[in-house]
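**Student:** Taking the hints into account, I'd like the entire structure generated from these sequences.
Here the protein sequences line up with chains L and U, keeping their order. Just add 47 to the spot in the first sequence (first one is 1) and you have the working numbering. Just add 10 to the spot in the second sequence (first one is 1) and you have the working numbering.
For the record, the hints were derived by calculation from the structure and aren't laboratory data. Wrong hints could be hidden among the right ones.
Listed below are the simulated EDC-like cross-link pairs for lysine to aspartate or glutamate, each with C-alpha atoms no more than 20 Å apart in a straight line [unchecked claim]:
#1 U:Lys596 / L:Glu248
#2 U:Lys149 / L:Glu475
#3 U:Lys165 / L:Glu608
Pair by pair, the computed Cβ-Cβ distance ranges are [stated by the list, open to error]:
#4 U:Phe121 / L:Ile197: 39 to 45 Å
#5 L:Glu608 / U:Arg194: 30 to 36 Å
#6 L:Thr202 / U:Lys357: 57 to 63 Å
#7 L:Leu599 / U:Lys162: 27 to 33 Å
#8 L:Thr202 / U:Asp525: 40 to 46 Å
The structure presented is a predicted model; accordingly, all values stated were derived computationally and were not measured. The beta-carbon is built from N, C-alpha and C at its ideal position, and this holds for glycine as well.
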Amino acid sequence: MNKNMSKFDPITLEILWRRLVSIVDEADASVARTAFSSLLRDAHDYTCMFTDSRGQELVQGTFCTPGQAGAMALGVKKVINSIPLEDYREGDVFIVNDPWLLAGHLNDVCVLSPIFFKGNPVAFTACVFHHSDIGGRVSSDNREVYEEGIYIPVTKLYDAGTLNESLLNMIRWNVRTPEEVTGDIRSQVAANHVCAQKIIEMMDEEKLLTLDDLADEIIGRTESSIRSAIKEIPDGIYGHEGIIEGAGKKQDIEIKLTVTVAGSDIHVDFDGTSDQVDWGVNVVYNFTYAYVFMAIKSAFDPDIPINEGAIRPIKMTAPEGSIINCSFPAAVAARMQVGHFMTEMVFNALAKATPDNIIAGSGGTPAQTNILYGKRADGKPWHTMIIRGGGMGASSRFDGHHCAIFPANGANTPVEILESDTPLIVEERGLVMDSGGPGKQRGGIGRQMVIRSPKGDENGENSPGRTTIAVQAGRFIYPPQGIFQGKDGACAQFLKNKDNADPSGLTFCDSGDKISFISAGGGGYGNPFDRDPRAVEQDVQYGYVSIERAKLDYGVIILPESLTLDMDATMKLRENK
Amino acid sequence: MEQETYRLGCDIGGTFTDFVLVNNSTGEFHTNKCLTTPSDPSDAVEQGILQMAESNPGFMDRVEEVIHGTTLVINAIIERKGAKTGLVTTRGFRDVLELGREIRYDAYDIFSEYPEPIVPRALRMEIDERITADSKILKNIDESQVIEVLEKFKKTGIESLAVCFINSYENPVNEKKIKEIIEREAPDLFLSTSFEVLPQIREYERTCTTAVNAYVKPITYRYLQKLTTRLESMGFDGKLFIMLSSGGITSVDTAREFPVRIIESGPTAAVIASQHYGKMFNIKDMFCFDMGGTTAKSCLIQKGHAGLVSTFEVGRVQRFKKGSGLPIQVPVVDLMEIGAGGGSIAKISRLGLLGVGPESAGADPGPACYALGGKNPTVTDADLVLGYLDPDFFLGGTMALDIELSKQAIQEKIADPLGTTMVEAAFGIHDLINETMAAAAKTHIAEKGGNPNMVTMSAFGGAGPVHAYGLARKIGAPGILVPPLAGVGSALGFFTAPVAFDLSRSHRVALDDADFAEVEQLFNELEQESANILEDAAKGQEIIFERTLLMRFKGQGAETDLVIQPRSFDSFSKQDIRDLFDKEYKRLYGRTYQETPVELVTFKVRASLPKRPFSIPRLKNSTGNIESCIKGQRQAFSIIQKDYIPFTVYDRSKLFPDARIPGPAIIEERESTIVMGEDAHARVDEFGFIWILFKGDK
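**Tutor:** In structure tokens form, the structure reads like this:
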């Protein structure tokens, strides 16, 4: 007999729930140990999750990337239900990177496996990894998805345990770094294996025959938690119109949205938003939804783990063929450049209604990504991808955190890893003075990274070949906005040998060239003249804010010799303002 | 007849300092417990020893070794009370420590807080130097620049300095050079260099570990200096050992140099003791629960082995969230510590709800009932009011508790604001701290793949046996084991720990290209180096070496650990090593890929001395009468009936093998009190361990 619902007393339920979370986190942790590309093992651009037998998301990894996670919750369910449950066989492993079905661009490859217990499929485990190469032309100015790499519809990678060699071979011949890509696909299979093993162990020990009852209970409780959080938002219709810069000379993109809060339901509608464009920033529905969801979840109910229940009260509509619900075969490779803004747009819409739940604009919106490749001095090819954050926006409670990828998530690639994977030398990675938007709460500081392609004579080798750099980023034109009289953060910059370079296409870097990637600071919150002068004093002592800007932006006088506050002069200056 | 010799274990906790003295010829124990003296912890050590000398005059002359564990280091980090510390980095990288890995540890929380870097930005300076990823020198150190930077540092008044250069794990030549200059130019500065503390790739983790080492080096140095002097002045001329986070023990010199390795010194001891008992009784899953005055530590021990991890976090800003603390990459026993102890303070939160901990009243002022001026109600106050503790028999009656002060504190600070009775409030405190510990315990057990319903709990610490019963009920553990001297049980753990030290070195080479004779030489060097560290302690004993090889597929970023048989490495064939890797990889991840090339990355050696014989003596009285063990009866609170009921009180020292005790009962010993309700019963074994089972079981 199955355990029925009433058998899960609150304590048992809590234990099982925690255990499920730790199972997926264990699968997640295995990736750092088995993956090949530094984008995965160091920068953590992947998400693990699993569902019940009906494809309902049950648990996602704690260290997830919200875009992948949110999109997977919708996509994996569709994939699972496209095949009758009785047709799955033990040992089946599916692979898919259809952007419209899953996480919005070809690089995000999903590997999905049914979990069998006592002969029956009881759950599905899935992971999406961002592969740093998926073939195609690496640039954000492609016109259609066909140019962006290899397109894998839902296909069996293993059929009842037997590897589909031809498929793997097909993938291998379509990418620049076949060893890395196949290694990372294997790492995905391994992560699913770890997850499946632990779930089977748990079901065995707990004498469960199905996870579905447990799923209903967990999903139900999660749904009521997020519903009660939404109820706290005053009912109403809240609108916002925002602009996202086009890369290079491309046209700006207009986003228009209304957020309707009614009881415990939220409906976000994007009517009036720009149409899809003929370059790579188009966003599929799933990915837009993921960052709308991120806004609601993070602002109102951050604590409870995410599953199918969390998304139920949040509805989203967007015109078909618009930039945030694009139609096949739009180019989508750089969908972060628009998609990541959705969280900020929802925050802006809700700012007046819930000023203490939101943050100002962030320099890590969108995530700044760079793909770099070339040849070493001995002719061996190399290829890597890095993601960079910026200063986070301030809130009514806190200064913005200095450097983070927000609303996406991920880590930096250590300098020592980057240098051992490439011939490049990193000259600097540090905080940028005066980049945080002034405010009562200051925006987080942006950071810069300077890399150099070495000359042959400096390390006794031949010079490495030309390095190609693709940029998918933003905030070069419009800075992260401050809020409630807070000021904007500093803009991002992309420099080659100290001159502005074009972030929209490819940039070439020869031996001796220096490239600077400077990410934006976060927006401030509240009037900077209300900031505690002692906090400004420390900002100056730490080199976050210059003496000049302390005076101009904050009305705070810092004595240059001692770097200490002149309180009297400050009071006088602030009075006259 | 030869004079009797002793070993002394001494564990400084946040609230109490525990002592166990073992007589080497008879195996007999003497114990003691006194309040910790936070301003100078060696005060309490001296006091405690003097107290023990009253019943055992002159014993310090005959102590062969003192084994010591301390929370000094971890407290200094958590409370940010370490030395003013500077950091020197490669030009361009002073913000490595502040940027960290940039990941948001809680993806969906926009208000997450992050730990402040251990060295503030104004105290981080850069110099010109550079090593490449493949270990070439790109830029040498300029001595005059170093001297300039040192001048600047002198003006800031720093006491300790950390150095971490980019790629120094590959080639430490520049770090070695700057070390020479600093030792010459600023001999008074405490110095920590990353190539000595942690020669491993990834600059943030290495810088952070090195900076934390520097941060606690001066206080550790001074403390150990003082302790050594004090012990000597009391007649001790044996060896002093310090417990490492990894479960081994080491010399004072090593602990002084690498204090970052003794961060979990105290908590580890109970785990090592549990490990010993787990093996002794062949228990599959044992859950070690050690609750002292300030924190509770827990660790799942599977088949007699506690996990060892190579990285952990200290000072998490959000208690249960991974990623919210500072990463420290040294070997450490895989335990979980939370702010829940006898001294945990109960208060009303902003939301008008009851909250307990993590703040502790510590030893001074301590709980209200200590009558040392503490006004806040604590867990100990609640335990006293609930009848679990005897006000006249705390620490064997050496410290009287004032129950009226407890009642008053609970009434005023909790019961009145909540509008409940004092007793309801007291039970609320007891129950809530158990709930907090249960949540942490369940997480820890689940993360290790265990099941709380199948673990045997082992209870340690002054408050452990008081709360074990309530905690076991909450997590559904079927049984509890209370070892002898549970109240000071962690100090007992010191005797079961081996003298051991771990060293590692990275050197990446493809298996196909590897010269096994060279690898053998590398292992040999590590063994030699670690043997030097153990030399003093070894006194001619044989040193045992264990080798671990870390390998991966070429292109991966992390390694799979392989235990290597202790024989000359060049006696292995390449295929032997390849098979070993494939087998382990397949076990962990389901499949392996024999055609994909692999590489050797890191070489690890653990050097240890043979385990010292240690056995628990059998109980003196082989039979007895249970009636004669009864001290009396007192009213204590029943968790089941939610009211006071009569509990029978037993004297643990009178118990005998196979004695049976039905619940509700309270079993008192000098350093702790065991509480069990009416749904449990206990049996005593021949060694004096008390096994508590819930009714309906076995």
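**Student:** Against each hint, give a clear statement of whether it holds in the structure.
**Tutor:** Each hint, compared with the structure:
| no. | hint | in the structure |
| --- | --- | --- |
| 1 | U:Lys596 / L:Glu248 | 18 Å, holds |
| 2 | U:Lys149 / L:Glu475 | 15 Å, holds |
| 3 | U:Lys165 / L:Glu608 | 14 Å, holds |
| 4 | U:Phe121 / L:Ile197: 39 to 45 Å | 41 Å, holds |
| 5 | L:Glu608 / U:Arg194: 30 to 36 Å | 31 Å, holds |
| 6 | L:Thr202 / U:Lys357: 57 to 63 Å | 59 Å, holds |
| 7 | L:Leu599 / U:Lys162: 27 to 33 Å | 28 Å, holds |
| 8 | L:Thr202 / U:Asp525: 40 to 46 Å | 44 Å, holds |
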